[in-house]
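Trainee: Sequence:
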Amino acid sequence: MTASHPARHDRYGTDVLATDWRAPQRGRAVETPAVKGEVVEEVTTDFCGEIVQVDRDLHTVTLEDRRRARRTFPLGPGFLLDGRPVILVAPPRAGTPTGPVRTASGSIAVRGAKARVARQSRIYVEGRHDAELVERVWGDDLRLEGVVVEYLGGVDDLAGQLGDFGPGPGRRVGVLVDHLVPGSKESRIAEAVEHSPVGAHVRITGHPFVDIWQAVKPARLGFAAWPDVPRAEDWKHGTCERLGWPHRDQADIARAWKHVLGAVRSYADLEPALLGRVEELIDFVTTEGETARLDA
Numbered sequence: 005m006t007a008s009h010p011a012r013h014d015r016y017g018t019d020v021l022a023t024d025w026r027a028p029q030r031g032r033a034v035e036t037p038a039v040k041g042e043v044v045e046e047v048t049t050d051f052c053g054e055i056v057q058v059d060r061d062l063h064t065v066t067l068e069d070r071r072r073a074r075r076t077f078p079l080g081p082g083f084l085l086d087g088r089p090v091i092l093v094a095p096p097r098a099g100t101p102t103g104p105v106r107t108a109s110g111s112i113a114v115r116g117a118k119a120r121v122a123r124q125s126r127i128y129v130e131g132r133h134d135a136e137l138v139e140r141v142w143g144d145d146l147r148l149e150g151v152v153v154e155y156l157g158g159v160d161d162l163a164g165q166l167g168d169f170g171p172g173p174g175r176r177v178g179v180l181v182d183h184l185v186p187g188s189k190e191s192r193i194a195e196a197v198e199h200s201p202v203g204a205h206v207r208i209t210g211h212p213f214v215d216i217w218q219a220v221k222p223a224r225l226g227f228a229a230w231p232d233v234p235r236a237e238d239w240k241h242g243t244c245e246r247l248g249w250p251h252r253d254q255a256d257i258a259r260a261w262k263h264v265l266g267a268v269r270s271y272a273d274l275e276p277a278l279l280g281r282v283e284e285l286i287d288f289v290t291t292e293g294e295t296a297r298l299d300a
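For the sequence shown, position 238 (counting from the first letter as 1) is numbered 242 according to our numbering, and the numbering increases by one without interruption.
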């Protein structure tokens, strides 16, 4: 009879190669939609709270703890959900709605209409953000009318730009200017163009806002009024800082503008001080036989 040997004790434990020894104790982080109502913890600050807001454009998530204090964090890794690490991502968008009966500008949509061949006339705006906002609201109308919108990068060289373009009969130019108020640099430039040889074929109009962002109604973005920023400070950077938005570099500013633009669904989201001016320029460049004038 063979003697039985007592079970040997493996003082080194189980074979570490038999499992994934590199896996974190709590498991690997997985992408998880940031759903409102879920309670998560941000690991670097130990802030634990309910998800109350997710912003796709700013790429942030806002948590509210049991004392109703709120903090905003970037989406991504660094969160715990039910004790497990997760990478929070924006939840999927809802289904695409059916086509609108009216365009964003309020005009009746012409279904199946093809864009008209571009007119020789143009509308100039000061910067890229101005052009994107005009496209957002009036894009369908402009394509139907064959009107091209170009941005100048500022109005300091407006006279030179007009000289290169050569306004005349059938080649009208409408110009939308930021901060066109009496006594401003912009108003002096506009007056000089109006009294120049090409003035009869150019209409310059504008809004009173320091930046086109302010033409978006602040209530659409969840606050009562755009903040006051000293003239010596960069307006966009200062605005983002005062609103608590990321503002470290130009990429943050670009995301902030995407957030602002995303709040615009139609003309109803814009201030009347901008609406009438853009409509006036569209009428001017699509109607023959009128004389130009300056609206400050």
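In short, the hints are calculated from the structure, not lab data. Hints are supplied without guarantee of correctness; some may be wrong.
As the list claims (entries may be wrong) - Here are the simulated lysine-lysine pairs, BS3-like style, with alpha carbons at most 27 Å apart:
1. K40 with K189
2. K221 with K189
3. K262 with K40
4. K221 with K262
Trainee: K221 and K262: Cα distance at most 27 Å?
Mentor: holds, 15 Å
Trainee: Next pair to validate is K221 with K189; report whether the Cα-Cα distance is within 27 Å.
Mentor: Holds. K221 to K189 sits at ~26 Å (cutoff 27 Å).
Trainee: Given the proposed pairing of K262 with K40, does the C-alpha separation stay at or below 27 Å?
Mentor: holds, 22 Å
Trainee: Is the hinted pair K40 and K189 satisfied, with a Cα-Cα distance of at most 27 Å?
Mentor: violated, 48 Å
When each numbered hint is compared with the structure, a violation occurs for hint 1 only.
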